[in-house]
Amino acid sequence: MLSHLPILQVIVPLLAAPACLLLDRARAAWLFACMASFISVVISGLLVFQVHQFGVLSYSLGGWDAPWGIEYRIDLLSAYVLLIVSGIGALMILAADTAIRIEIPSERQPLFYVLYLLCLAGLLGIVATGDIFNVFVFLEISSLATYALIAQGRDRRALWAAYQYLIVGTIGATFILIGIGFLYSLTGTLNMQDLANRLPALESSATAFTAFAFLMVGVCLKLALFPLHLWLPNAYAYAPSIVTAFLAATATKVAVYLLIRFHFSVFGVGFAASVLPLHSIFLVLGLVGVFVASLVAIQQPNVKRLFAYSSVAQIGYMIIGIGIGTVTGLQATLLHLFNHALMKGALFLALAAIVFRFGSADIRHFAGLGQRMPWTMAIIVIGGLSLIGVPGTVGFISKWYLILAAFERDWWPLIIAVLLGSLLAVIYIWRLIEVAYFREGEGESRGEAPLSLLIPTAILALANIYFGIDTRLPVYLSDSAAQMLFGGGP
Amino acid sequence: MLPELYNYWVVIVLMMIGFYIVIVQGNLIKKLIGLNIFQTSVFIFYISVGKVEGGSAPILAEGVSVYSNPLPHVLILTAIVVGIATMALALALVVRIKNAYGTVEEEELQERDLRC
Amino acid sequence: MLAGIYGLLSASFFVSMDAVDVAFTEAAVGAGVFPLLMLTALTVAGRYEQTVHRRPRAAFFLVLVTGALMIVGTLDMPAFGSLDAPAHTHVAARYIELSPTEIGIPNMVTSVLADYRAFDTLGEVVVVFTAVVGVLIMLTPGEQRQQPSPANAVETMRSHMILRVVSKMLIPLMLLFALYVQFHGEYGPGGGFQAGVIFAAAIILYAMLFGLVKAQAAIKPSILRLLAAFGVLLYGGVGVVSFLTGVNYLDYSRLATDPVVGRHIGIFSIELGVGITVAAAMILIFYAFAGYATGRAEAE
Amino acid sequence: MLADIVAVLSSACLLLGAFLIISGAVGVLRFPDFFTRMHAAGVTETLATTLILLGLMLLAGWSIMSFKLLLILLFILITSPVASHALTKAALHGKLQPLVDEKNER
Amino acid sequence: MLIACAVAILVVMVMAIIRALLGPTIYDRILAVNLFGTKTVLLIAVIGFLFGRPDFLDIALVYALINFISVVGVLRYFEYSHREEGGSL
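So the protein lines, in turn, are chains A, B, C, D and E. Letter 436 of the first sequence, counting from 1, is numbered 436 in the working numbering, and no numbers are missing. Letter 19 of the second sequence, counting from 1, is numbered 1019 in the working numbering, and no numbers are missing. Letter 212 of the third sequence, counting from 1, is numbered 2212 in the working numbering, and no numbers are missing. Letter 36 of the fourth sequence, counting from 1, is numbered 3036 in the working numbering, and no numbers are missing. Letter 82 of the fifth sequence, counting from 1, is numbered 4082 in the working numbering, and no numbers are missing.
Hints were generated in silico from the structure; no laboratory data involved. Among the clues, some could well be false.
As the list claims (entries may be wrong) - Below are the DSSO-like pairs computed for lysine-lysine, each with C-alpha atoms no more than 30 Å apart in a straight line:
1) C/Lys2220 to B/Lys1098
2) C/Lys2220 to D/Lys3068
3) B/Lys1098 to C/Lys2214
Taking the hints into account, I'd like the entire structure generated from these sequences.
As structure tokens, then:
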């Protein structure tokens, strides 16, 4: 059975979804979904171990070898991202039962879990597969589930946000499809490994360039990279809180993974550099993204929206890491992938608790929250500090590596810019803390969020601190993954 | 060069028409039609890639030696299904938007959002 | 309105490009499902025309750039239809040469779809499933579970006596034809998806002519839900069975003692799964839209 | 000998069918109002379709293809008049007057 | 012979599109679309013979079916919307 792990990783949530539909009772569906997601965490843990032990795992579906059939290919990078996605997915679903109770009418709840599992399976499928067309299919599974999930927000603007996301997401997916078409017409294969072997000979071809451009733009639309980010704040702000937490912690990570995968594994590091200054473009877009999004975030009255913009800014950091173009830079990106998932997961889950109490995440409700919901607020403070990059939290580690990478290249302006960006984060986090601790709340004092919501949040918050101090696991994984990507794959 | 590639270019023109509609149209449903055109033209693009001069449909038959490439057909079958699934979901969203806002025009939607 | 023609047109294009299976699907989808969906949505959303063009210049520029980029991209592509393009010589060549003996069925599209790239097809079925769940979660009426009143339903197309009588004759034929397409997919164009769509179309025709209530009484939504999930599970289950026989996921070769026979069984069952899910999903989607429309009309 | 006759017959059928559909289309394009257009389309359609499909059937000979063609033929013969009928009826209900001097917009 | 027939059908299809674009009433458009549909069925059948691949006949059959359903759907929609307009007036 162990040899089947790569496929089980995706199949378990994928098949659990229709089975979940058959249950038709919210509680049963929830338990079932929990079970499926925990199994997938275990599988991803085993996968990391196996990859660490034996190197790249390749699994040919249907028994057809690589270029003919579809191949699942798990290397360190994908195992790492699989672990992040499945881990966050499982924690979120623990909290989901309580969180959606007030946000989604009861007869829709079983369907909610079905969609949640499908979304999870789609994301896992994108990461695990080694076939670019399969990426497209699973991308669409997760996207369709996401659109429907976002539309479940109680505000009617959730519908509008979901529609916008749908249009943008479909355009992005179609762009990716066009890119795949060009690649196929050029090479005659869809397998990533095979493509990587065949593309270097075609480096000067305009078709390869176009394919690259379309893939990049398509992924960046999904990624919400700065100028293409307009769908994200709305979608995050109006979606049900648990969905926001899940998406913020996983969906963009998977998009970053795809970017790295296409950029490094399929086309090879040298490709982009030879035809266009992609790295400089990434650097500039990343930096502008950090600043613009942080500045907008400072002015947001809705805290969910505030953190959504902050997500755009954090994506900017990840892109900067890629843009630096060194092993350390990429390592910083990968670390931030992990760390950002932890902190945004914690923050948005804490917001879910606040929404559970007050019905919205408006900053008004934060007044006096330090006394009224001490635990939730403490978690927000931890997440916020991590977002800023205070030593002792995970945020510090990724910023540290980012600065290290810039330092290696002697890019002082970049270091200063990153520090300035953190300063902006200080401003918007401080705003929250000030309101929560130093302003008297009006109205009666209300209690803490229910434990079922608080515990997963606390786990994430503790993970923020734990991995900020004991950095061995993520650093090791990201370091070897980054080395592997620059080494052109093992 | 031109006669060898004209097929692709026609497809590209079609594709861009669809893309333009998606961006410019204010009506949500028409936007979706544009999206559909955009997607379908991508399908045609794929099928053009799969065409082989003098080839025949990829179903085994006696007396036929050259077949068109079946792989793009398979991919596009999948893509069509994905496309129609997306459409169904999008239309469901539009229906709900109409119910919640009373309009399917982008500008009016934004106005009504600002008012509340 | 023109979308229907567009669907027809693109399908005839596919025919000329030898893509029989694709044409088949596009015929069913582009000319049938898509306009039907569009119309039911329009019923709810209303035909509200307004031609406001916003920032056309910037959009035009963007489109122009994208188009130009694509044209640049085509410049280095192999000439249209050329035999020795890499697209035809690498992977596809094997499909054409070996699939008749390896899989043992004449339709190469089916063999690639259901065997070499079976996992993509599983993904495709799941996409349909996702869409139907998404539509259901959005259009399931909340608290006020209203029954469309029978009066409303009877009124639907009562004036079209001939239409109804003739359709009554045609619907069984259509169902029969759907079954033919389902099981003939290995030899000719067709397969689970197309069959599912035709099957669903027949039921939808019934629902349109005789009212939603009658159709729902004949084929209950709850059963359809079960079937939609069952189809996916059947497909995935075949994969799990191949686990148990000791080979990789979706490898059918050990489903029978003779690998070719095993592949036949595998392809047959997954096509059945596809057909069931697609038919159930399409009917459910139609029910959801139509039910929403009538429900709303009564609320007003 | 027989083959020749069949070939000639099928060609004749095909050509006649082609002529008929073109005349029908010209009618649809040129006639002044909806009901006359309907007439042009509906009348030519059945005969032309029959002829063309008959021609193809003769060409195909006695096989499964002929059967399928026959099926298509039957199908069109059933549905096309029904569709025309339904359409006309709908148009009448939709307050579209036949034989008017000016075209009546809806 | 077949080619002549195919060309004729194509010409008719173009005419149908022109009628559909011109309108003027919605019923004209439906009529044109219907015409277009049946001609597509014929075209596919003829092309199938032209290429010597009779598999195309299945598609023609599907077309005949789907076209009918589409027309019924369109009709239903317009009757429905008329009724709604009538009700609100």
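Structure-based check of each hint:
For the hint pairing C/Lys2220 with B/Lys1098, the CA-to-CA distance comes to about 28 Å; that is within 30 Å, so the pair holds. With a CA separation close to 33 Å, the supplied pair C/Lys2220 and D/Lys3068 exceeds the 30 Å bound. Between the alpha carbons of B/Lys1098 and C/Lys2214 the distance comes to roughly 27 Å, so the proposed pair stays at or under 30 Å and holds.
Of the numbered hints given earlier, the model fails hint 2 alone.
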